[in-house]
Amino acid sequence: MLAKIYAWLDERLGITTIYNTVLDRKVPKVNWWFTLGSGSLFLFVMQGVTGIMLSVYYVPSPDHAYDSIQYIMTGVTFGWLIRGIHHWGATLMVIVVFVHMLRTFFYGAYKYPREFTWVTGVILLLTTLGMGFTGYLLPWNQRAYWATTVGTSIAETVPLVGPFINAVLRGGTDLSAVTLARFFSVHIWWLPAIIAALIGIHLYMVIRLGISAVPSKED
Amino acid sequence: MPHSPHMSRSDFVKVVTAFLGSIMGLVVGIPAIGYLISPARKRSASDDWIPLGPLENYPEGIPTLFNFTRTKVNGWERTVNSYGVFVIRKSDQDVTVLSNKCTHLSCRVNWIAEDQFFFCPCHDAQFGIDGKVLDGPPPRPLDTYVGEAVKIEEGNLFIHFVEG
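Chains F and D, in that order, give the protein sequences. Under my numbering, the first sequence has 138 at position 138, and the numbering climbs by one with no breaks. Under my numbering, the second sequence has 34 at position 34, and the numbering climbs by one with no breaks.
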């Protein structure tokens, strides 16, 4: 029965073809460093799921942000777990994505014909850091407030346009409800949308070009 | 090994994967469901014995207003609500306590001593000293604390207040 349903679906959706192309690819003999891309993808999905869960209770307003997180931590069943996973997963994701880049660099996997894969990967690293920067403000505690004050002040040191960049980041001259709202928006809509699209391109190119082998002494 | 009595390697892997996958699904799924339904499992109705002070504060036969506040917590939000009751002491054992909230549209009623009735300023409703509707639009008498809902301990008056 299940086999019949699968055959019916497969004829229309081409599931077997997708499976063979995406997962049953021929790969060279590689090592554990080659799992970091999958690790990054897993962490992105995990951050997405726990982030959606947190948005059930979190309110991005100076009046409610801190209290709503206190409520998640102490009032909601397993709230501490969901937030804990999101908190530590964020740090882990930055590390994994960064080490993934180091592996690509030291194995020379960015070379022809994979230059564009590298370019999308660099943008993915930067957007991941952007997620960390915008997410850090959302608890709206002292550390969040002053870290964002310092972070946006660094942008101000850019010659000529610095003050303008700072004002755009903050949505005004000071950190305010406007800053919190736009950081929240960037954290849950803009960056995730960009990252998801870039992961699509990144993975398409990995599948199209195949992965590079571990370089040998002759390379 | 098509004729082996033992489980094949791929079947073994399938069973182990399904087993471990189910455990992991439960470990992840149960906290997730608990997280989402958490507020529904908290009871919002609250009941408490409200102390109205020593009985001698209330003169016999004269409805006397007592105000108190209750704090309601929804999630991280605390809402303070004000309540008022009229204490009518007939003797040391017989005390009636009436809510001052009009049963029509929840305006606060006042005791009019010269006319001996409670008067609601919103729609001119009148209630007797026992809380019964004398005139106006209210659908039922004033809420009353009697019997089990009132107690006197060591000369202090308490009412059993149920909210929600």
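It should be emphasised that the hints constitute simulated quantities derived from the structure, not laboratory data. There could be a bad hint or two in this list.
For lysine-lysine, the following DSS-like pairs were computed, each having C-alpha atoms within a straight-line distance of at most 27 Å [said to hold, decoys possible]:
#1 D:K101 to D:K132
#2 F:K111 to F:K29
#3 D:K90 to D:K151
#4 D:K14 to D:K72
#5 D:K101 to F:K26
#6 F:K217 to F:K4
#7 F:K29 to D:K72
#8 D:K72 to D:K90
#9 F:K4 to D:K90
Hint check results:
1. D:K101 to D:K132: holds, 13 Å
2. F:K111 to F:K29: holds, 19 Å
3. D:K90 to D:K151: holds, 14 Å
4. D:K14 to D:K72: Since the Cα atoms of K14 (chain D) and K72 (chain D) sit roughly 53 Å apart, the hinted pair is violated (cutoff 27 Å).
5. D:K101 to F:K26: violated, 78 Å
6. F:K217 to F:K4: Between K217 (chain F) and K4 (chain F) the Cα gap is close to 51 Å, so the pair fails against 27 Å, i.e. violated.
7. F:K29 to D:K72: Between K29 (chain F) and K72 (chain D) the Cα gap is close to 64 Å, so the pair fails against 27 Å, i.e. violated.
8. D:K72 to D:K90: violated, 33 Å
9. F:K4 to D:K90: Since the Cα atoms of K4 (chain F) and K90 (chain D) sit roughly 83 Å apart, the hinted pair is violated (cutoff 27 Å).
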